[in-house]
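Undergrad: Sequence:
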Amino acid sequence: MADDPRRRKRPARGAKPSRPTRLRAVTGGVGAAADPLSDPSSYINRELSWLDFDARVLAEAQDPRVPLLERLRFLAITANNLDEFYMIRVASLKRQLGEHVQATHADQMTATEQLQAITMRSQELVAAQLRCLLTEVVPALEEKRVRLLLTGEPLTALERARCDDFFDRQLYPLLTPLAIDPAHPFPYLSNLSLSIAVVLGEPGDRTPRVARVKVPSFLPRFFRAGGQGPFVPVERIIAERLGRLFPGMDILSHGVFRITRDADFDVDEDEPDLLSAIEEELRERRFGAIVRVETGPALAPELISMLETELGVGHQDIQPVDGVLDLTGLFSVADEVDRPDLSYSAFSGTTPPRLLSVQDQDPDIFAVVRRGDVLVQHPYDSFAATTERFIEQAARDPKVVAIKQTLYRTSGDTPVIGALTRAAEDGKQVVVLVEIKARFDEQNNIRWARQLEQVGAHVAYGVPGLKTHAKLVLVVRQEEGGVRYYAHIGTGNYNAVTARQYTDFGLLTARTEITEEVADLFNYLTGYSRKRDYHYLWVAPINAIERFEALMERELDHLRAGHPAGVIIKVNGLTDGRAMRAIYNASRQGLPIRLLVRGICALRPEVAGLSASVVVHSVIGRFLEHGRVFAFENGGQPEVFMGSSDLMGRNLYRRVECVVPLHDAQARREVLDVLEMMWQDRRQSWQLAADGSWSRVDPDSLEPGIQERLIERAKARPLSWESPRPEGGGRERRSG
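Each residue of the sequence shown is one higher than the last, beginning at 34 in the working numbering.
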């Protein structure tokens with residue numbers, strides 16, 4: 034786990050290095066403050082770091098090595114990420130301004146400074162998105178006979194006829210033109226809705242009149258004019274037929290605009306009916322304050338002024354876009370085009386050898402886990418063949434008397450809910466911690482909570498004031514000799530959809546020292562337990578940050594004693610002040626530290642006198658890197674931990690999180706092997722510099738990336754396995 038030599042890397046092709054708004058001289062040493070750990074220049078602003086992550090995602094769309102339809106998807110992901118950023122982060126900053134609160138993070142940027150920098154950076158991102166789409170991806174797709182008409186290109190007579198038919202049959206019945214005048218007040222605009230503003234005049238009376246037409250949001254964003262025809266923006270089809278909506282009127286001008294609202298909310302958890310309180314807040318979310326108005330290139334200045342007045346927004350909230358709005362609709366284009374040659378090669382997770390079926394019979398998963406821990410990594414290991422199978426076997430096993438599970442985000446028609454429902458109906462005790470405050474999944478989780486309650490499951494909503502983010506299943510089984518616990522502890526949600534798109538680790542274990550603490554943690558979540566002496570688990574907010582600090586200090590003890598020492602950490606985000614101070618303190622004493630941070634990173638690496646021994650990489654690729662791992666060299670006896678917690682304030686102090694040690698030597702080796710492969714990756718990795726800029730490790734590499742290598746490794750698995758030696762002697766060979 035020793036640190037690798039570091040090299041200065043070239044900027045990515047097409048990616049513009051980012052810079053923080055305020056930066057004192059950090060590249061040659063720490064800033065001017067007496068204590069570098071308190072110096073604002075020692076930290077990167079978290080909001081700007083979020084936008085830097087979006088830029089790295091956008092770089093996948095800009096990369097000609099990525100298949101064309103996947104480049105469309107990366108453009109849609111970037112647009113979706115930016116929408117969420119405005120709905121949550123920008124909305125929060127605007128609330129701070131409105132309430133005259135100048136809350137700051139370690140970098141000490143005020144809300145006003147952050148909003149100014151965000152506006153500039155986000156506009157750069159949107160412009161780069163459109164350049165990539167219109168000058169690179171669309172022309173390349175056209176060469177492959179996939180056409181997107183995004184800039185008013187002419188249609189053939191047949192294509193126009195198909196658009197006419199679509200308008201008549203599907204669009205026209207859904208459209209409601211709304212006049213805007215003293216008798217018709219400005220209409221309500223829903224979040225992320227796309228609208229056409231129309232300026233009209235009557236023949237003989239050129240006095241302008243204004244109307245708004247909403248583009249239906251539940252239809253595909255782009256209409257395909259025929260089986261192999263071009264994709265046409267729906268707003269173009271409407272705009273070219275405005276005469277049908279305003280017969281007898283002259284269409285003087287029209288343009289498109291889109292609004293973004295504040296989508297966050299706070300709930301008083303002392304409410305007697307928390308479920309109903311959140312449902313009410315979800316209804317109120319529709320009327321959140323407007324935080325952004327995107328305007329298309331044809332929108333007249335007088336219409337923009339009208340929007341400012343009617344929507345109550347400032348000029349700084351208007352963001353002109355020189356092209357098509359709402360690129361999230363590119364998801365549907367990529368899904369509709371059936372061209373395997375333009376997509377990533379098909380891959381479904383495979384079954385770990387120890388869980389392979391034998392003569393078409395599923396193995397007894399509890400017997401497998403009793404013989405030793407099972408580590409899984411999704412999506413390379415099939416979620417259905419591992420985690421879902423564990424829960425489903427528990428649901429139908431007559432020896433299982435209880436199942437306890439946390440649910441933060443789960444998929445629509447999920448087998449997990451079905452298994453829990455069957456278990457409750459069969460009389461097993463089923464306890465489910467449903468996090469009904471999981472942002473943007475509140476409605477789904479409320480539905481699951483009610484469904485489970487109806488079949489007799491015990492449903493709880495966790496600890497007041499905290500979100501339950503831990504990924505846990507506990508199975509209680511009656512066996513010879515008494516009751517035995519089995520547990521699954523993971524880094525990702527119990528969601529079959531994201532398990533195919535996110536990389537996550539999961540541990541199946543029957544180790545008493547672990548499962549008993551998981552049982553204690555469930556008692557904390559469902560009752561009034563105040564247990565604080567967890568010896569093995571890191572449990573936030575009880576002991577997680579303290580355990581992390583203690584392990585960092587222990588690693589320094591090994592370093593001082595001349596023993597092997599080093600740390601490698603893989604997280605989604607690093608923003609917590611205590612965690613960063615622990616890393617800085619260790620680096621100032623020479624401890625080699627490697628950080629794999631997918632998203633936000635507020636820590637500055639490679640700063641002399643502060644973080645010279647810290648290197649930060651970020652892996653971006655086909656799958657979203659989601660697993661959290663903490664590995665310590667520990668004097669030559671490596672210790673590895675994995676779980677649900679990032680090194681962010683919300684995870685460490687405002688959520689219930691669980692991180693588990695890997696006591697199984699094989700599981701440790703597997704995780705350390707993956708971490709080392711990620712660190713050596715040149716194709717998908719980015720490196721963070723001291724000045725806050727990100728650059729690809731090797732922008733021209735043609736080597737397979739880490740994720741492709743893990744896919745190929747999973748595909749190459751044997752279809753048979755040898756079990757451990759049974760107690761009677763001899764070896765048993767199984768195949769499937």
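Treat the hints with caution; some may be incorrect.
16 Å max Cα-Cα, derived EDC-like pairs, lysine to aspartate or glutamate [what the hints assert, rightly or not]:
| no. | residue 1 | residue 2 |
| --- | --- | --- |
| 1 | Lys-177 | Asp-297 |
| 2 | Lys-564 | Glu-582 |
| 3 | Lys-127 | Glu-146 |
| 4 | Lys-127 | Asp-295 |
| 5 | Lys-127 | Asp-395 |
| 6 | Lys-177 | Asp-459 |
| 7 | Lys-432 | Glu-513 |
| 8 | Lys-127 | Glu-117 |
| 9 | Lys-177 | Asp-371 |
| 10 | Lys-432 | Asp-397 |
| 11 | Lys-432 | Asp-406 |
| 12 | Lys-177 | Asp-295 |
| 13 | Lys-432 | Glu-512 |
| 14 | Lys-564 | Glu-586 |
| 15 | Lys-500 | Asp-297 |
| 16 | Lys-247 | Glu-273 |
Hints listed in this document are in silico derivations from the structure and should not be mistaken for laboratory results.
Undergrad: Determine for every hint whether it applies to the structure shown.
TA: Results for each hint:
For the proposed pair Lys-177 and Asp-297, the alpha carbon gap of about 42 Å is over 16 Å, so the pair is violated. Note on Lys-564 and Glu-582: the hinted pairing is violated, with a Cα-Cα distance of about 20 Å set against a maximum of 16 Å. With a C-alpha separation of about 12 Å, the suggested pair Lys-127 and Glu-146 falls inside the 16 Å cut-off, and the hint holds. At most 16 Å may separate the alpha-carbon atoms for a hinted pair to count; Lys-127 and Asp-295 meet this at roughly 9 Å.
Restraint check for Lys-127 and Asp-395: the C-alpha separation of about 54 Å exceeds 16 Å, so the hint is violated. As the CA atoms of Lys-177 and Asp-459 are separated by approximately 55 Å, the hinted pair breaks the 16 Å bound. Distance check on the hinted pair: Lys-432 and Glu-513 sit about 10 Å apart at the alpha-carbon level, within 16 Å; holds. A C-alpha spacing of about 15 Å is found between Lys-127 and Glu-117, which places the hinted pair at or below 16 Å, so the restraint holds.
This hinted pair checks out: Lys-177 and Asp-371 have alpha carbons roughly 12 Å apart, not beyond 16 Å. For the hint linking Lys-432 to Asp-397, the alpha-carbon distance of about 12 Å falls within 16 Å, and the restraint holds. Taken as a hint, the Lys-432 and Asp-406 pair is broken in the structure, with Cα atoms around 20 Å apart against an allowance of 16 Å. Taking the CA atoms of Lys-177 and Asp-295, the gap is near 40 Å; set against the 16 Å cutoff, the hint is violated.
Between Lys-432 and Glu-512 the CA atoms are separated by roughly 7 Å; this keeps the pair inside 16 Å, and the hint holds. Restraint check for Lys-564 and Glu-586: not satisfied, since their Cα atoms lie roughly 25 Å apart, outside the 16 Å limit. A threshold of 16 Å between alpha carbons decides the hint, and for Lys-500 with Asp-297 the separation of about 14 Å falls inside it, so the pair holds. At roughly 15 Å between alpha-carbon atoms, Lys-247 and Glu-273 fall within 16 Å of each other, so this suggested pair holds.
Violated hints, in rising order: 1, 2, 5, 6, 11, 12, 14; the structure is consistent with all others.
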